[in-house]
Amino acid sequence: MSHFSPAACVDYFFNYFLMKGVLVTIGLTAAGVVGGLILGMGIALMRMSPNAVLSGVARFYVWFFRGTPLLIQLVVIYSGLPQLGIKFNVITCALVGLILNEAAYLAEIVRSGFMAVSPGQREAAWALSLPRSVTFRRITLPQAFRLMIPPLGNSINSLLKATSLASVISVEEIMRRSDMLMQEHFQILEVYAAATAYYLILTSVWDAVQRRLEKHFSRSTTAKARRAGAKAPTAQTGLEARA
Amino acid sequence: MAIDIDGEAAKPREVSAVRMEAVYKYYGEFTALNEIDLKVERGERIVVCGPSGSGKSTLIRCINHIEKHDQGLIYVNGTELDHQRKNIDAIRRDTGMVFQSFNLFPHMTTLDNCILAPMTVNGMTRAEAKDLAMHFLTKVRIPDQADKFPGQLSGGQQQRVAIARALCLRPKIMLFDEPTSALDPEMVKEVLETMKKLAEEGMTMLCVTHEMGFAREVADRIVFMNEGKIVEQAAPEEFFNHPRTERARVFLDQIIH
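If you read the sequences in order, they're chains A and B.
So the first sequence is residues 1 to 243, counted in this note's numbering.
So the second sequence is residues 1001 to 1257, counted in this note's numbering.
I should point out that these hints are in silico values taken from the structure, not numbers from a laboratory.
Errors might be hidden in some of the hints.
As the list claims (entries may be wrong) - Short derived list, chain B residues pointing at chain A, Cβ under 10 Å:
1. Asp1089
2. Gly1096
3. Leu1169
All figures in this text were calculated on a predicted structure; none of them were measured in a lab.
Even glycine gets a Cβ: it sits at the ideal position worked out from N, Cα and C.
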């Protein structure tokens, strides 16, 4: 067994084989987020529905997928389902597992976001006789989304790291390719240092994106802070004159 | 429809702005509205008062179907509020509502708050809706706050924007649900002045308020409620000086210091 070699860490970091694994990790995460959000939104809407069957199904879904390890879900989809004659390729298995799992978490985040929008907002929209679609798109959704960003960011950060579990079903993302390099060269620390660096870079980039999103969607409140200093609300009329 | 035999047949018979007949509303076991009969003529200004929990907010929230009444009949400008989407929408277009907590859309500018309904409900272009909104923002004396977000405005300014927003649908009736209760004392006046101005222009108004000075000055009629019932209805002078019921006397004693 050789000594620790910092130079080898750098070599592995720029290893083309590992870099391709990074792309797979990014792809799995992105697909997991998009698929999870779409499915999660549907489940959240079902859960909030007055229909007992719909909300019951949604509740069961969330209970089931949050109550079991992603690792088992992936293994069952990959190795277990073929026994029932259901067979996908590895990438599809990983995507199905990640999306199903992520959707359960995102459904709860979406639901909490909608529930946190003040009922007065909906009442104001009703009083203005706004159609339901407009109320949803222009009033509730944007406000709920703003409240969802912080927990959403957290969940996506977790998902990014959870994609490493797909290595177990032989998806060649960062973790799997690190294992393969390690088995070939036995430079354990060096290989995993490079992998760790990639995960840190990816989560940091995501943090930055999340901050930008938060800033963008809270612009009405930040605008307040920004402009309040420059121009406090001024009295324009006799009606407004205050002591 | 009755035809006027004096030859004014072209003019349809005056329809009441609001007519409620034996209206009931329950929250579980609790009777929030108990056999409400109320008639509001066009141009009338009504102040609804009463102790908290007496059903006054529920009463006006039933008029535009923010709350659904359980029994009885409600007509708004002759349209029956029968839980059908079409009629509910028609009634909501005819009524403007101002809430205690303003309920402006915080993620939109003042102007966007005002033009959303005219554009989506009345199909106006952005330019038309903007002209309309600026007209009403000028009327409530805050045209220069059009590009600000609600969070940048004072409570009084927000409530005046809320009034302008409601007026942008050109309602025939305005409903006010404790419009000044959430305001700092020094901002109450500017909102009441705006409401007075509306009243002077002949707007039909139903206001739930504890501002008895406003009630005295502006109201044609005071509706006093207690435990879900209308206990007393009278002109302000009569109500304040000679309340008929013991309950109203106690209430007036408590709120007039």
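Hint check results:
1. With a least beta-carbon distance of about 5 Å to chain A, the hint placing B/Asp1089 at the interface is held under the 10 Å criterion.
2. Interface restraint check for B/Gly1096: the shortest CB-CB distance to chain A comes to about 7 Å, inside 10 Å, so the restraint holds.
3. Interface restraint check for B/Leu1169: the shortest CB-CB distance to chain A comes to about 6 Å, inside 10 Å, so the restraint holds.
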